[in-house]
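Student: Spelled out from the first residue to the last, the chains are:
Number of protein chains: 2
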Amino acid sequence: MKKLITLIALALAATAGASAQQSLWDLQDFETVTVNPDKTVTFKIKAPKAVKVQVTGDFLQPTVLEIPNYGKVEQPGVAELKETPGGIWEYTTEPLESELYNFRFYVDGLAFNDPSYTYVQRDISNLMDYFIVPGGRADNYIVQDVPHGTVSRVWYHSDVLRMDRRMAVYTPDGYESGKTRYPVLYLLHGMGGDEEAWLCTGRAAQILDNLIAQGKAKPMIVVMTNGNCKHQSAPGESAEGMFKPYNSGSFDTSFEAHFKDVIAFVDKNYRTVKAAAGRAVAGLSMGGGHSFQLSLNYPKTFDYIGLFSAGLNIHRSEGGDIAPQMYENTYEKLDALFANNPKLYYIAIGETDFLYDSNAELRKYLDGKGFKYTYLETSGGHIWRNWRIYLEDFAQKLFK
Amino acid sequence: MKKLITLIALALAATAGASAQQSLWDLQDFETVTVNPDKTVTFKIKAPKAVKVQVTGDFLQPTVLEIPNYGKVEQPGVAELKETPGGIWEYTTEPLESELYNFRFYVDGLAFNDPSYTYVQRDISNLMDYFIVPGGRADNYIVQDVPHGTVSRVWYHSDVLRMDRRMAVYTPDGYESGKTRYPVLYLLHGMGGDEEAWLCTGRAAQILDNLIAQGKAKPMIVVMTNGNCKHQSAPGESAEGMFKPYNSGSFDTSFEAHFKDVIAFVDKNYRTVKAAAGRAVAGLSMGGGHSFQLSLNYPKTFDYIGLFSAGLNIHRSEGGDIAPQMYENTYEKLDALFANNPKLYYIAIGETDFLYDSNAELRKYLDGKGFKYTYLETSGGHIWRNWRIYLEDFAQKLFK
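These protein sequence lines map, in sequence, to chains A and B.
Under our numbering, think of the first position of the first sequence as 14, with each following residue one higher.
Under our numbering, think of the first position of the second sequence as 14, with each following residue one higher.
Quick caveat, the hints were computed from the structure, so don't treat them as lab data.
Watch out, some of these pointers could steer you wrong.
[What the hints assert, rightly or not] Derived, one-sided and incomplete: chain B residues facing chain A with beta-carbon distance under 7 Å:
hint, residue
1, K62
2, Y132
3, Q134
4, G148
5, G149
6, V156
7, Q227
8, A252
9, M255
10, T314
Virtual Cβ for every residue (Gly too), placed ideally from N, Cα, C.
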């Protein structure tokens, strides 16, 4: 075989650091982001012609702005990188608390992702770079050396919506090889999000893997649907093509009406506990609103309900509702729900969330009636950092 | 409920175009890339302070360079964008043939991904923007309105490597609800790639969905492993953390030695045809080398073998091999393989591929022996465009 042999390994190695393809692009070969042992973080960008290089992100002290008729908005801070020899710009943070942080560079005012930094999260039409500082809260957002569940993208048919739709499904370690039935958490995203949001930005698979491995959460299936019933799936994942993601949502009962198709599909295709005691529904923002409405309109279906920064009124009275009765008689349905003693009714919100007041009104109503619920208030606003915290907290209270 | 109600929908809509989070970043709100009806493509970037804005990619006429002791390399062309009022830079291509194209902006020499353009593919440490021109070859790379298979990320244990490892698995539409057994294509990536490569850059799920829907390929399971046995999984998907991906590979028989664990796992956990007639193995570059060696060292296991731009000698004699005999007596094993009359032995390569000569030597050997094989030669080199073409062609020849 000697004659046949050429030193392919060497030839392949010559492309190192770039691409498996022959058509190579010249990228920076040093680390763009380094999390240092002292938990400071160093950013480095090669931009010899730049006049100003900045980095922004949620690791910098934010400014809280009060916007009239809207609420409070956190504006991330901005730090300046300094030029070093060779046109390499650098900035090192203060020591940071353990967290998953998003960041972005600005080069002479231009929002910029470094193509050689491959750790990105998509939040609607926003491709955000991220890094993780370990050693505390974020340890459960990191892939640890524990048994891992399976994550699948699965298509189901909705008779109500007359379309095929995509969901993401997490099944815990041992699901494939075992025979056990598992409870199901239906986990819903916010406006403009899709079935990828909780996996990507929410770190749902990592949180569940780690909590289950630590014995803090029961092994469960997690079903992540697409809450925008105008779409089949995340952008680029259906025949609608590669449209620019935007903040569209379903505020017209279509999501709630079609949810019976979701439950039927999941109960048919997975080894589930087919009872309220084996079902939780939770969501963030619009998904919190969906969870609120699902818990009211599918009585005795969910024993566990989680409202994360919930948009509680998702009704726009512009007609076209599939099931208008679903958004009616809300108080009566709420009373009926609590008459059934749900095992967990969970409300969580950040102190600067623009939905704070409407959630406070819901709590006031529940308090007035003496309905029991669990409440978590955190710092910060309507942000993914909080939603990861809520999921981690909520998941530990389920199916016990 | 009126009192409780606030116009959440309006408040949420105020964040349109940006992020579901409160912490918003200012991104361009127009389309970065537009594929026009005449199949020209327009690029648009807002960069008011830039002096020069360029775009490069494989849609531009490449230059072929001859590098001594290496071979031919395609260098992508570069086009200049023109500034228009408002600091928006534009460039429109000639009409393009139907294809999936990668591109990158350079702003004053800085390689740049627009954070508001969310269609990216990772090739090792290179985050490449892409677009698709429909109306021809690329139609099978697009998610069409056809039944879709399920795509899962699954963990298996390898006794040989003593580690948990991740694979990606495509199961065809109908798998979950049916009882049929399916044949399996083991589809292997190149050096520096991982279990994500064929799904992301290779469009394997779209190609299979479309070919199966058109009746051109048999419904099959596709198993995509990680060919680098030093790693459990793609970067960021194991406890190794968020390292910078690099061109590492397994050239030491470890991948081939552990492959029995892969087959055992797949045959145990999926409804497979457990026979050579129901198994194909194919790969690109290093994965083509792995396929070559697997076909030789697992006799009567695969009736279909595909070598795409294959690195045929993946042996580096630096010791540490798990099963050194696997890379020995190659000619004898090749003769034995062909004595069994494999149903398909498929070699494909681009005319400017740097591995062209070694593949030509293999063909010469096969020709000399009168061994039957199928050969496809395409234009271009060691590039993903070719590997998608080879997969589409190869998949149609399987299990028939």
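Student: For each hint, tell me whether it holds in the structure or not.
Tutor: Hints, verified against the model:
no.: 1; hint: K62; verdict: holds, 4 Å
no.: 2; hint: Y132; verdict: holds, 5 Å
no.: 3; hint: Q134; verdict: violated, 10 Å
no.: 4; hint: G148; verdict: violated, 13 Å
no.: 5; hint: G149; verdict: violated, 16 Å
no.: 6; hint: V156; verdict: holds, 6 Å
no.: 7; hint: Q227; verdict: violated, 15 Å
no.: 8; hint: A252; verdict: holds, 4 Å
no.: 9; hint: M255; verdict: holds, 5 Å
no.: 10; hint: T314; verdict: violated, 21 Å
Hints 3, 4, 5, 7 and 10, counting from the list given before, are not met by this structure.
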